[in-house]
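> Sequences and hints are given; from them, build the entire structure.
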Amino acid sequence: MAIQARVIDQSAIRRVQDREKQVEEQRVAKERAAQEEREREAAEKRQREEEAEQQRQAAEQKAQQLVADTKQREAAVKQQREQTEKQRAADVQRKQREQADKRRAEQDTRAQAQREMELKRQLAEEEGRQQAANSGLLNQYVALIEQRVMRNWNKPLSARPGIECEVKVTQAPGGTVLSVQVGKCNGDAAVRQSIESAVYRASPLPPPPDARLFERVLLIIFKPNE
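Each residue of the sequence shown is one higher than the one before, starting from 1 at the first, in this note's numbering.
Don't take each hint at face value.
Beta-carbon label-pair distances, calculated as ranges [to be verified]:
id : residue 1 : residue 2 : range
1  : E116      : Q87       : 38 to 48 Å
2  : Q193      : V142      : 52 to 62 Å
3  : Q107      : N152      : 12 to 22 Å
4  : V142      : R201      : 16 to 26 Å
5  : K155      : A113      : 17 to 27 Å
6  : L119      : S158      : 41 to 51 Å
7  : K30       : V67       : 51 to 61 Å
8  : Q80       : E60       : 41 to 51 Å
9  : L178      : K155      : 19 to 29 Å
10 : Q80       : L119      : 53 to 63 Å
11 : E166      : Q140      : 14 to 24 Å
12 : D69       : R94       : 21 to 31 Å
13 : Q112      : Q193      : 46 to 56 Å
No lab work stands behind these hints, which were simulated from the structure alone. Just so you know, even glycine gets a beta-carbon here, dropped at the ideal spot from N, CA and C.
Put into structure tokens, the structure is as follows:
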């Protein structure tokens with residue numbers, strides 16, 4: 001009976017050991033499975049975090065690109081606007097210069113035409129005066145003035161024979177004497193003053209026999225006959 005009891009005990013011990021081994025293997029397997037699950041979850045978490053980070057970075061990059069594109073478009077619009085404004089200002093200045101040049105050219109043309117007309121008029125007048133002078137009318141005109149002045153001259157006591165004085169007379173178109181200047185003269189102050197007074201008293205001076213002979217400024221020689 002003793003031998004049989006030991007055999008039974010050893011068999012029971014092996015069964016217990018087998019169960020303990022099985023339990024341990026189950027525990028280890030369970031822990032391994034749990035560890036694997038934790039590792040899987042951790043890997044999935046890391047993957048989610050990495051994907052989230054990638055999405056965040058992609059969104060940030062997209063936002064930055066959007067800002068950059070917006071700035072670039074705004075800069076392009078600004079540059080185009082500035083170029084358009086610059087071109088518009090240049091066109092305005094060009095048109096203003098062209099208009100100013102055109103006005104100056106027209107003014108120069110009109111001025112040149114006026115100068116030519118004035119020159120022709122002066123030449124015609126001068127030719128007419130020359131013709132009138134050549135006809136003897138100028139000498140007649142000067143003689144009329146000198147006679148008018150002589151008739152209005154009050155000879156001063158200091159006057160000596162051989163008086164000869166140059167007299168510059170400025171007259172209005174109607175012959176009114178405006179000013180008198182006695183230039184080179186061999187008489188004294190009283191003689192000079194008497195000649196000046198005589199010219200003023202002779203105003204208005206006689207008109208020229210030909211209107212073309214009229215001169216605003218006359219130079220006459222006062223030389224009384226003794």
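> So does L178 sit 19 to 29 Å from K155, Cβ to Cβ?
Holds: the Cβ-Cβ distance is about 25 Å, inside 19 to 29 Å.
> Indicate whether the distance between the beta carbons of E166 and Q140 respects the range 14 to 24 Å.
Given about 20 Å between the Cβ atoms, the range holds.
> Do the beta carbons of L119 and S158 sit within 41 to 51 Å of each other?
Since L119 and S158 have Cβ atoms about 49 Å apart, the given range 41 to 51 Å holds.
> Taking the beta carbons of K155 and A113, is their distance inside 17 to 27 Å?
Violated, at about 55 Å.
> Are Q80 and L119 spaced within 53 to 63 Å by their CB atoms?
holds (57 Å)
> I want to verify a distance hint. Is the separation of the beta carbons of V142 and R201 within 16 to 26 Å?
Hint holds: Cβ distance 18 Å, inside 16 to 26 Å.
> With 21 to 31 Å as the target window, see if D69 and R94 comply at their CB atoms.
Violated - the Cβ-Cβ distance for D69 and R94, about 36 Å, lies outside 21 to 31 Å.
> Per the hint of 46 to 56 Å, is the separation of the Cβ atoms of Q112 and Q193 within bounds?
This hint holds: roughly 49 Å between Cβ atoms.
> Using the Cβ atoms, figure out if K30 sits within 51 to 61 Å of V67.
holds (54 Å)
> Within 41 to 51 Å: is that where the Cβ-Cβ distance between Q80 and E60 falls?
Since Q80 and E60 have Cβ atoms about 30 Å apart, the given range 41 to 51 Å is violated.
> Does the Cβ distance between Q107 and N152 fall inside 12 to 22 Å?
violated (50 Å)
> Taking the CB of Q193 and the CB of V142, does the distance hold inside 52 to 62 Å?
violated (23 Å)
The structure is inconsistent with the numbered hints 2, 3, 5, 8 and 12, although it conforms to all the rest.
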